[in-house]
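Participant: Letter by letter, the chains look like this.
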Amino acid sequence: MDAYKQLDFFELDDQYSEDELMVRDAVKGWVGERFLPGVMDHFEAGTFPMDLVPELAELGVFGPTTPEEYGGAGMNSVAYGLICQELERGDSGLRSFCSVQGSLVMWPINEYGSEEQKREYLPKLASGEMIGSFGLTEPDFGSNPGGMLTTARKEGDEYVLNGRKMWITNGSISQIAIVWAKLEGRVRGFIVPTDLPGFSAPDHNHKWSLRASITSELVLEEVRVPETAILPGVDGLRGPLSCLTQARFGIAWGALGAAHACFDETLNYQKERIVFDKPVAAYQIPQQKFANMATDITCGQMLALRLGRLKDEGRFTAPQVSMAKRNNVMMALETARTCRDMLGANGVTLEYGVGRHMLNLESVVTYEGTHDIHTLAIGAEVTGIMAYR
Amino acid sequence: MNIVACVKRVPSTEAVAKPTADGKGLDAADFQYMISFYDEIAVEQAVQTKEAVGAGEVTVLTLGPANGTKEIRECLAKGGDKAVVLTDDNWQSRDARSTAKALVAQLSTMDADLVFMGRVATDRDNAAVGPMVATYLGWPCVSDVIGLEVGDGKGTAKVETEAGVETVEFSLPAVVTCQKGLNEPRYAGLKGIMAAKKKPLEEVAPEAVENQSEVVEVALPPARKEGRIVGEGAAAVPALIEALQNEAKVL
Numbered sequence: 001m002d003a004y005k006q007l008d009f010f011e012l013d014d015q016y017s018e019d020e021l022m023v024r025d026a027v028k029g030w031v032g033e034r035f036l037p038g039v040m041d042h043f044e045a046g047t048f049p050m051d052l053v054p055e056l057a058e059l060g061v062f063g064p065t066t067p068e069e070y071g072g073a074g075m076n077s078v079a080y081g082l083i084c085q086e087l088e089r090g091d092s093g094l095r096s097f098c099s100v101q102g103s104l105v106m107w108p109i110n111e112y113g114s115e116e117q118k119r120e121y122l123p124k125l126a127s128g129e130m131i132g133s134f135g136l137t138e139p140d141f142g143s144n145p146g147g148m149l150t151t152a153r154k155e156g157d158e159y160v161l162n163g164r165k166m167w168i169t170n171g172s173i174s175q176i177a178i179v180w181a182k183l184e185g186r187v188r189g190f191i192v193p194t195d196l197p198g199f200s201a202p203d204h205n206h207k208w209s210l211r212a213s214i215t216s217e218l219v220l221e222e223v224r225v226p227e228t229a230i231l232p233g234v235d236g237l238r239g240p241l242s243c244l245t246q247a248r249f250g251i252a253w254g255a256l257g258a259a260h261a262c263f264d265e266t267l268n269y270q271k272e273r274i275v276f277d278k279p280v281a282a283y284q285i286p287q288q289k290f291a292n293m294a295t296d297i298t299c300g301q302m303l304a305l306r307l308g309r310l311k312d313e314g315r316f317t318a319p320q321v322s323m324a325k326r327n328n329v330m331m332a333l334e335t336a337r338t339c340r341d342m343l344g345a346n347g348v349t350l351e352y353g354v355g356r357h358m359l360n361l362e363s364v365v366t367y368e369g370t371h372d373i374h375t376l377a378i379g380a381e382v383t384g385i386m387a388y389r
Numbered sequence: 001m002n003i004v005a006c007v008k009r010v011p012s013t014e015a016v017a018k019p020t021a022d023g024k025g026l027d028a029a030d031f032q033y034m035i036s037f038y039d040e041i042a043v044e045q046a047v048q049t050k051e052a053v054g055a056g057e058v059t060v061l062t063l064g065p066a067n068g069t070k071e072i073r074e075c076l077a078k079g080g081d082k083a084v085v086l087t088d089d090n091w092q093s094r095d096a097r098s099t100a101k102a103l104v105a106q107l108s109t110m111d112a113d114l115v116f117m118g119r120v121a122t123d124r125d126n127a128a129v130g131p132m133v134a135t136y137l138g139w140p141c142v143s144d145v146i147g148l149e150v151g152d153g154k155g156t157a158k159v160e161t162e163a164g165v166e167t168v169e170f171s172l173p174a175v176v177t178c179q180k181g182l183n184e185p186r187y188a189g190l191k192g193i194m195a196a197k198k199k200p201l202e203e204v205a206p207e208a209v210e211n212q213s214e215v216v217e218v219a220l221p222p223a224r225k226e227g228r229i230v231g232e233g234a235a236a237v238p239a240l241i242e243a244l245q246n247e248a249k250v251l
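As they're listed, the protein sequences go chains A and B.
Mapping the first sequence onto this note's numbering, position 374 (from 1) lands on 374, and the numbers just tick up by one.
Mapping the second sequence onto this note's numbering, position 22 (from 1) lands on 22, and the numbers just tick up by one.
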């Protein structure tokens, strides 16, 4: 197998700082040497390589933008994006693991948590000693989370939580869950230890996507948390939605990694595979596909890079994130489908990564705002008219 | 303990070799660089030795271009405390001796107890600079080391030889060249990368030293000849034996 060569058609490496490139290359090297050799078996077995969690923590990919005083690395958002890209070059499940830990658990604690909450949880989450999950989606409420049925009620100095959450990455392997519930009709966030009485997290088994990632339900039956468990800094749907904006930023970058992986593997294959005395890549139909994919990946790279710079300047918007997530994930999915076809029969085996990426991306295009919902978010921004209600 | 790890930037493993128009070198326009594989082991051993001794400083020393600091910063992210870059635009055309002379001149000012190097740089494959540096300094040179303990003014190394593994004792200061298996180099973690930004990186212009050997031509290895099918099944055996005896001359 040829060494992985990342497409850089427009010489975008020039646009990154030295430490951004160092971060990217460190994660790229780790994924190639430590993660990729085992991912096929984990995907087939339906397991996440938990033995690699300490190495991920040592690498520093859990909440890298968290301030150093709370155990993070204080990195900028572009570096975080590049981390997501390299993790998802490995597998969307690996990137999902880190997206949840960083964007959906550490980010809200850092942003909306009390000083005590930050000191208690962030260092443990950064070191991987503690795994977190994020409970927003419910069986009957996905794109419309405001309708959630999960509730919290105050009893003395405790909150009592009741409800069900669905499609929760890392649910059954997490020690804490950020649970969003309605308190007197307002959406609030709670840090819920998963070993409390009344809390259970049955896994969603039998899925054919994100198999190397744990997905669970969260069931809360009269779960009692102390009043210090509420996130004091945010009130209303803005809380969970702002977390999702963070995570979607990472997904827009991550999808590029999956596309790169598919493109590189397929290019190597087609240059080596001889049909009628010449490489498959020498024929016009494959060349058209490579030209289209290279162009699409390059456009996606530029979108992500500009979004990252805007975010670091503190002036990115949710509709911009919607555009980048929507475009890059659909681009990656279409790239994976095209590459699957271009690998011929090999494309349906797990010996090649393309089929695994293709299956994974069906989840990525659905979660964190479906493709269609992002379409409507961009439409609302452009026209000024909201069409999704 | 004052420890120096000498490293070299080499073209990355995916680089494609293409001779320049004058045929005297390789076209470096599309090269990406990395630290030579064995030099990464040298950096790791320097950091591990400092950690084992419990005190001291690791300096990463290289001879290279002024703007090629990314790879050197990576060494700092992996635990080096500071870096010294001997800047030379013609770093790639220096012969082993002129490289060794430049390193020796710098090392003589550094009061080092231990100098680690890779056993060989993965581009030129000379395995010469380490022993030369030790010889010019008049220090012990222990090469191809796969195990090392350092204590009170001396070290004990396990050295891979064709006959087996030798255990060697030597006095400090010394030059140790590192073989695969000595350690497992760490990844540059994000915190290390952030910390590396604040570590000192000094650029020094080395004195010019004439090359004693010059590359006059670079040629790619000849393309492999196309194979030939001599026949199929058992009936082809005589023809195969004939070809192996008279054409390939291997029987």
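Check the hints yourself; a few may be wrong.
[To be verified] List of simulated lysine to any residue pairs, SDA-like, C-alpha gap at most 20 Å:
no.: 1; chain 1: B; residue 1: 24; chain 2: B; residue 2: 70
no.: 2; chain 1: B; residue 1: 70; chain 2: A; residue 2: 54
no.: 3; chain 1: A; residue 1: 28; chain 2: B; residue 2: 13
no.: 4; chain 1: A; residue 1: 28; chain 2: A; residue 2: 46
no.: 5; chain 1: B; residue 1: 197; chain 2: A; residue 2: 74
no.: 6; chain 1: A; residue 1: 154; chain 2: A; residue 2: 124
no.: 7; chain 1: A; residue 1: 5; chain 2: B; residue 2: 33
no.: 8; chain 1: B; residue 1: 101; chain 2: B; residue 2: 13
no.: 9; chain 1: B; residue 1: 197; chain 2: A; residue 2: 206
no.: 10; chain 1: B; residue 1: 191; chain 2: A; residue 2: 11
no.: 11; chain 1: B; residue 1: 197; chain 2: A; residue 2: 58
no.: 12; chain 1: B; residue 1: 70; chain 2: A; residue 2: 219
no.: 13; chain 1: B; residue 1: 18; chain 2: A; residue 2: 3
no.: 14; chain 1: A; residue 1: 28; chain 2: B; residue 2: 14
no.: 15; chain 1: B; residue 1: 70; chain 2: A; residue 2: 267
no.: 16; chain 1: B; residue 1: 101; chain 2: B; residue 2: 127
no.: 17; chain 1: A; residue 1: 271; chain 2: B; residue 2: 226
no.: 18; chain 1: A; residue 1: 182; chain 2: A; residue 2: 219
no.: 19; chain 1: B; residue 1: 191; chain 2: A; residue 2: 24
no.: 20; chain 1: B; residue 1: 198; chain 2: A; residue 2: 28
no.: 21; chain 1: A; residue 1: 28; chain 2: A; residue 2: 272
no.: 22; chain 1: B; residue 1: 70; chain 2: A; residue 2: 185
no.: 23; chain 1: A; residue 1: 271; chain 2: B; residue 2: 15
no.: 24; chain 1: B; residue 1: 191; chain 2: B; residue 2: 14
no.: 25; chain 1: B; residue 1: 197; chain 2: A; residue 2: 76
no.: 26; chain 1: B; residue 1: 197; chain 2: A; residue 2: 45
no.: 27; chain 1: B; residue 1: 82; chain 2: B; residue 2: 97
no.: 28; chain 1: A; residue 1: 271; chain 2: A; residue 2: 76
no.: 29; chain 1: A; residue 1: 28; chain 2: B; residue 2: 32
no.: 30; chain 1: A; residue 1: 124; chain 2: A; residue 2: 74
no.: 31; chain 1: B; residue 1: 199; chain 2: B; residue 2: 64
no.: 32; chain 1: B; residue 1: 70; chain 2: A; residue 2: 8
no.: 33; chain 1: B; residue 1: 198; chain 2: A; residue 2: 18
no.: 34; chain 1: B; residue 1: 225; chain 2: A; residue 2: 272
no.: 35; chain 1: A; residue 1: 28; chain 2: A; residue 2: 9
[Said to hold, decoys possible] Far from chain B by the CB rule (all over 10 Å, computed), these chain A residues:
no.: 36; residue: 21
no.: 37; residue: 59
no.: 38; residue: 139
no.: 39; residue: 149
If you are wondering where the hints come from, they were derived from the structure by calculation, not from laboratory data.
Backbone N, C-alpha and C define an ideal beta-carbon position, used for all residues, glycine too.
Participant: Would you list, in rising numerical order, the hints stated earlier that this structure does not obey?
Facilitator: As far as the earlier hints go, 1, 2, 4, 6, 8, 9, 10, 12, 15, 20, 21, 22, 24, 26, 27, 28, 36 and 37 are violated by this structure, in ascending order.
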